[in-house]
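K.L.:
Chains as they are written, first to last, in the working numbering: chain A, 159 to 479; chain W, 159 to 479; chain Z, 47 to 421; chain V, 47 to 421.
Hints are computed from structural coordinates only; laboratory data are not their basis. Since we're looking at a predicted model, the values are computed, not measured. Warning: the hint list may mix true and false statements.
[Stated by the list, open to error] BS3-like cross-link-like pairs, simulated, lysine-lysine; straight-line CA separation at most 30 Å:
#1 Z:138 / V:55
#2 Z:55 / V:71
#3 A:411 / W:438
#4 V:407 / V:138
#5 Z:55 / V:350
#6 Z:55 / V:335
#7 W:479 / Z:350
#8 Z:55 / V:389
#9 A:438 / W:438
#10 W:353 / V:407
#11 A:438 / W:411
#12 Z:407 / A:438
#13 A:388 / A:353
#14 W:438 / V:64
#15 Z:71 / W:376
[Said to hold, decoys possible] So the derived label-pair ranges between C-beta atoms look like this:
#16 Z:256 / V:139: 29 to 39 Å
#17 Z:414 / W:178: 46 to 56 Å
#18 V:61 / Z:300: 17 to 27 Å
#19 V:397 / W:479: 23 to 33 Å
#20 V:64 / Z:300: 51 to 61 Å
#21 W:201 / V:140: 35 to 45 Å
#22 Z:178 / A:361: 19 to 29 Å
#23 W:178 / Z:368: 51 to 61 Å
#24 V:180 / A:161: 35 to 45 Å
#25 W:201 / Z:413: 40 to 50 Å
#26 W:377 / Z:319: 26 to 36 Å
#27 Z:178 / V:321: 25 to 35 Å
#28 A:437 / Z:178: 33 to 43 Å
#29 V:362 / Z:256: 50 to 60 Å
Glycine included, each C-beta is placed from N, C-alpha and C at the ideal position.
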Amino acid sequence: MAHLTLIQAITDGLRCALRQDERVVVFGEDVGENGGVFRATDGLFKEFGRRRVIDTPLSEGGILGAAIGMAAYGLRPIPEIQFDGFLPMAFDQMLSHASRLRWRSRGRFSCPLVLRVPYGAGIHAPEHHSDSPEAYYLHTPGLKVVVPSNPYDAKGLLLAAIDDPDPVLFFEPKRIYRAIRQEVPAQPYVTPLGKAQVLAQGNDVTVVSFGSMMPLAKRAVERASALGIKADLIDVRTVWPLDVEAITRSVAKTGRCVVVQEAPRTASFGSEIVALVHEKAFDALRSPVVRVAGFDTAVPYYRMENDYLPNEARILAGIQK
Amino acid sequence: MAHLTLIQAITDGLRCALRQDERVVVFGEDVGENGGVFRATDGLFKEFGRRRVIDTPLSEGGILGAAIGMAAYGLRPIPEIQFDGFLPMAFDQMLSHASRLRWRSRGRFSCPLVLRVPYGAGIHAPEHHSDSPEAYYLHTPGLKVVVPSNPYDAKGLLLAAIDDPDPVLFFEPKRIYRAIRQEVPAQPYVTPLGKAQVLAQGNDVTVVSFGSMMPLAKRAVERASALGIKADLIDVRTVWPLDVEAITRSVAKTGRCVVVQEAPRTASFGSEIVALVHEKAFDALRSPVVRVAGFDTAVPYYRMENDYLPNEARILAGIQK
Amino acid sequence: MATKSKLHKPKTVADSFKNRFEPFKLLSPEGELLGEAPELGNEQLLTMYRWMVEARIFDERAVNLQRQGRLGTFAPLSGQEAAQVGSAFALKKSDWLFPSYREHAACAVHGQPWLSILTYWGGNEEGSRMPADVNVFPVSIPIGTQIIHAVGMSWGAKLQGKQDAAIAYFGDGGTSEGDFHEGLNFAGVYNTATVFFCQNNFYAISLPRSAQTAAQSIAQKAVAYGIEGVQVDGNDVLAVYAVTQEALERGRAGQGPTLIEAQTYRYGPHTTADDPTRYRKSEEVEEWKVRDPILRLRRFLLNKGIWTEAKDEALWEEARARIGKVVEAYEALPQRPVEDIFKYVFAEMPWHLREQLDELKRFIAEYGDPNEGHH
Amino acid sequence: MATKSKLHKPKTVADSFKNRFEPFKLLSPEGELLGEAPELGNEQLLTMYRWMVEARIFDERAVNLQRQGRLGTFAPLSGQEAAQVGSAFALKKSDWLFPSYREHAACAVHGQPWLSILTYWGGNEEGSRMPADVNVFPVSIPIGTQIIHAVGMSWGAKLQGKQDAAIAYFGDGGTSEGDFHEGLNFAGVYNTATVFFCQNNFYAISLPRSAQTAAQSIAQKAVAYGIEGVQVDGNDVLAVYAVTQEALERGRAGQGPTLIEAQTYRYGPHTTADDPTRYRKSEEVEEWKVRDPILRLRRFLLNKGIWTEAKDEALWEEARARIGKVVEAYEALPQRPVEDIFKYVFAEMPWHLREQLDELKRFIAEYGDPNEGHH
Ligand SMILES: Cc1ncc(C[n+]2csc(CCOP(=O)(O)OP(=O)(O)O)c2C)c(N)n1
Ligand SMILES: Cc1ncc(C[n+]2csc(CCOP(=O)(O)OP(=O)(O)O)c2C)c(N)n1
Ligand SMILES: [Mg+2]
Ligand SMILES: [Mg+2]
């Protein structure tokens, strides 16, 4: 057991995977000697050498495309895209190939890769370093999308993603890379994909979120509790395919729901949560599901990003609505 | 007035634009002498020559990227992406630049371009020629997304899009390129963006759709009518920004809603319609909004695409639900 | 580029690069050997010839099927047989082939059954389910995207200490896509055993090669990646074989990837949906037919005395019969169950797909299958 | 590439391309003129020098501001002044400049105020609002993407019969992206007046140039597009000016685009978030400092007798004072109203953005601005 931050837990997960499976290869821009711009791969190059932990040229399409060829060949590539804002460059390979290789080849080929992407706003970064693009990948059939919200889950979900036979987009909420420490077992363990976690229980309202919004949602739920509103707080962890039952079960009890995300509102994760809750818990719902979300604009440069991002007060207001 | 198909109306619209505005340039793969693989630019090369109607190398990122530079310089580029399935290659330029150039430069630069894309399934085409990717662009702040459903609108919406000061994705439902003819005025005219059209009126249910689904929705609405269920049928025409009022006004009356799209269901246009109707007409709704949509899979190769695509019967079943 | 400096003048591309390419040839159009033939026994030469003939017949049948509404849009290869057969013939069974949409002959040579290929173009995903022992990737429709898969595969092989090479096929048009660039650059950096096989058939649909890039040759694009590049007469099966064979050997020996530009021509339309008279003259087609790859090899075989007119006639008949059987088998294929649409999205079907499949099944039970009477 | 043929041997890249590049130089590190200087008056030479000094001071101040928490992450340019100033100095006011994130000096020379640049790095979109008469595009963070904008702009100019040229700046790393490829290929095909200015500073963050591509030079990548390419000593402002000037002239004269590889070095970290000691030795930095671009031009000016040590000291002081004023102005900038977040998404604000703005305003009215006390 070590007391680790979220990013250290990821490094630890990568190390476990590299140790236990010869087929695992980690690559991306600056992941080698430099240990990644966030240090997610710190020390791995030294331990595993240049055949396992590999710097690539500056080329996101190349990174994902090569990973597809490798995965189909039988390796377990774990490519990294350096920031959320550069993921669009690999969009075509994701959509046209990674997501549908199993489907189109009727299972003859598959694409067991984990694409790691530091993700989201809130760290005062330059432009194009603050996006939360999960909705694009939710809408794309054939992909799994995972966002951990704490160190323990980060390692367990990462190892589950690496075990998974299908392509997984692993979004790492960089804002909370170093926000908290948790006890993280040294040995490998798996936090199953597709299972939500209930972090607080209450009968009045269901709060659904994930990733860097979880700590905020948690504090908002605590404040609501102090005000007499008791909430179920659900961390979906796997954004897709979703643990819909955990949500509808809760809403059946509470009759109210708030969904919290950083990403823009329109045609997003939040939209789908509203739609699913609406479809599956129509009779239970006593008021409209509340979307607490980013606005339908680019994320402002850092001076105004706090105006954009959902915060404790906005989540609380959503709960009180 | 001429009796034109949808694709002829588009050619006609392009011709009007090329005639009336020197800044208009049409380019893309095979749009020149060949007149486009669907013949959307037929005859334009001959009339306007190689400085106005231009064949490009095979490079979608290049096509959109160059259009951005041109548009910022003051031209009115109308690039074409040959098929829906190749649009992802221009995704980064769309997201990182076209959609936010005005925003990031605080209006100093803008991006008045119209990206035309033949779109959707139902023509027995090979793989990657049948996608309906509107959701990706709906979710992206700063883009307008238009899909005409008939020849008259096709020309009017295209000319409105060309007039628009912001980037417009103009999706052309290839399945109905030649399905019907309509009287289309020879002179230029504009069908305003952001305005829905109500094609049938009834008090029992609101049916919302666009593009190639409209003829099917229309027939389903007629059959429902024969069965005594009267529907408002709304063609949104501009998929985003949406004429939400037209929809909520109708649902306030009918209390029921069906949304019909070809695209996969999750985190889609349909999800957003459900979310908006749920938020804005919560009290009026008597039953859950029904999503009649493509499934969350790739569009099957042509032998099974009819199992995938919403059809009259499935829409009717949605209306009767 | 001249500056005012007399002592120093900038060294430029013009100083460094003199386009000395001319397509490598081993056979004249009359079938005479122009150099030393690659080490191929008579049986191998005849096998290549048989593949080329079979490919031609397959192609003609497929186009006819399409014209009769019995097959979807099809991309014919006629004219490009030597480029495809010669290159694929140089592969080991354990090597990997990454095709675009026109490589029917290359795929067949490397083990994909004709029936599988026809099934693909018949709008049936079973045609992308490669047999387990056939190292052919499914067709890549988005241009250029398969290039980087081939690099990834051969890079992976190298990391695992294996000798498997990969060949990626693409056209002259494909060289303009970003994926071409990123793929060749990766291959150069990791020194992978990858062969980039460009069939330059001088058109990308309607766009002539000269308008695709200002480079005088496709082969010279190798310079940008510090890798080897070569131009070959793509209608000369011996030359294609020799050049590909050598590139594969170099790759396996750790001497890096190679870009091969094989100059050839498609006689037919881009696809059955295309009308080539809109952008090229029929005389041009006729000129190329003089350099027909099948004719050329046949003349060589006849000259060499290992082939006769009588055997040739019989061969064409046999090929027709074999492809005829393939067509029969194709037309007898049953419609696949709708489960297939949902079954392969993930290894295990998640709840939302189970719901959607159930919905479709209920719907079909009530209203009938919308594909009935349709395919 | 040897085949068994004796008569014919495939002509390959190895036959066609001999890397004869060596960086074009006009000034030795000691400031001696090695060739004929470009036609620049003394005032112009001094202006270039002033820009280089000011850029160095700006850079140092910006890094300090960042260290003190008064500026966001910043990408320092120190060491690259000659490459940027020399190239931008060759532009006409009407030409267009497409920067990446490290071209502060180039942007300043072409008219962007230092304040605007600082505002950008201070996390304020007003720093991307270029003054109306300044033909500089906003910074492009996603690598390589601006290259194709530059091509589109100069292609558009050409279509409109105008003579405006465009210059795109990017790094050695940027050459690996697909956009680089697609952009240069378009430029070759349409023969646009575009200059592709690569500052090869030998690193892309931590990745050395040698691992970025197997090509021996960046300049040779021009071969792939049939365009001109040239290598220049990027720390020699006269050589950079001469080469860029000539490339622009060629472009305007319809002689096509040029890829310029300017070899230079950044002394500092990639950005203030980077620790360069993880991937390069301090000796390497020291070696490059011997070839410092500012020192070199200063020696030349002193040799030439148009500059004195006293004037030089005064110049550095003045520059410090000027940049000091810029910093003051930067720190006095008011927070922008939250309307700005919504106002520029479209020319007109649609309903959903009006709703969201109202929501935010109501929220701020009730709970206060979450940015208060924060920026
Ligand atoms: C990314 C992408 N863009 C456009 C198309 C449409 N398209 C199909 S084939 C083709 C031309 C390809 O030309 P080339 O690469 O020379 O190959 P050829 O067809 O001549 O074999 C085009 C534009 C596509 N399939 N993929
Ligand atoms: C598309 C993209 N991928 C990754 C990054 C992250 N990143 C920023 S700068 C950089 C290295 C750039 O190197 P180079 O092109 O040589 O320019 P330099 O920084 O040396 O001036 C990287 C990887 C980015 N900004 N854009
Ligand atoms: Mg071709
Ligand atoms: Mg660099």
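K.L.:
Given the hint that residue 71 of chain Z pairs with residue 376 of chain W, does the C-alpha gap stay at or below 30 Å?
P.N.:
62 Å, violated
K.L.:
Note whether the CB distance of residue 180 of chain V and residue 161 of chain A lies within 35 to 45 Å or breaks it.
P.N.:
52 Å, violated
K.L.:
Given the hint that residue 479 of chain W pairs with residue 350 of chain Z, does the C-alpha gap stay at or below 30 Å?
P.N.:
Status violated; Cα separation ~76 Å.
K.L.:
Range first: 25 to 35 Å. Now tell me if the beta carbons of residue 178 of chain Z and residue 321 of chain V are that far apart.
P.N.:
49 Å, violated
K.L.:
Is the straight-line distance between the alpha-carbon of residue 407 of chain Z and that of residue 438 of chain A 30 Å or less?
P.N.:
Answer holds: residue 407 of chain Z to residue 438 of chain A is near 20 Å, not above 30 Å.
K.L.:
Check the following: the C-beta atoms of residue 61 of chain V and residue 300 of chain Z are separated by a distance inside 17 to 27 Å.
P.N.:
22 Å, holds
K.L.:
Do the Cβ positions of residue 414 of chain Z and residue 178 of chain W conform to the proposed distance bound of 46 to 56 Å?
P.N.:
51 Å, holds
K.L.:
Can the restraint linking residue 438 of chain A and residue 438 of chain W be considered satisfied, given a maximum Cα separation of 30 Å?
P.N.:
Roughly 19 Å separates the two Cα atoms, so the pair holds.
K.L.:
In this structure, is the beta-carbon distance linking residue 178 of chain W and residue 368 of chain Z contained in 51 to 61 Å?
P.N.:
60 Å, holds
K.L.:
Holds or violated: the 33 to 43 Å window for the beta-carbon distance between residue 437 of chain A and residue 178 of chain Z?
P.N.:
41 Å, holds
K.L.:
Does the alpha-carbon distance linking residue 55 of chain Z and residue 71 of chain V stay inside the 30 Å limit?
P.N.:
Given that 30 Å is the threshold and the Cα spacing comes to 9 Å, the pair holds.
K.L.:
Hinted pair, alpha-carbon criterion (30 Å max): residue 55 of chain Z, residue 389 of chain V. Please report holds or violated.
P.N.:
Given that 30 Å is the threshold and the Cα spacing comes to 52 Å, the pair is violated.
Going through the hint list in order, the structure does not satisfy hints 4, 7, 8, 14, 15, 20, 22, 24, 27.
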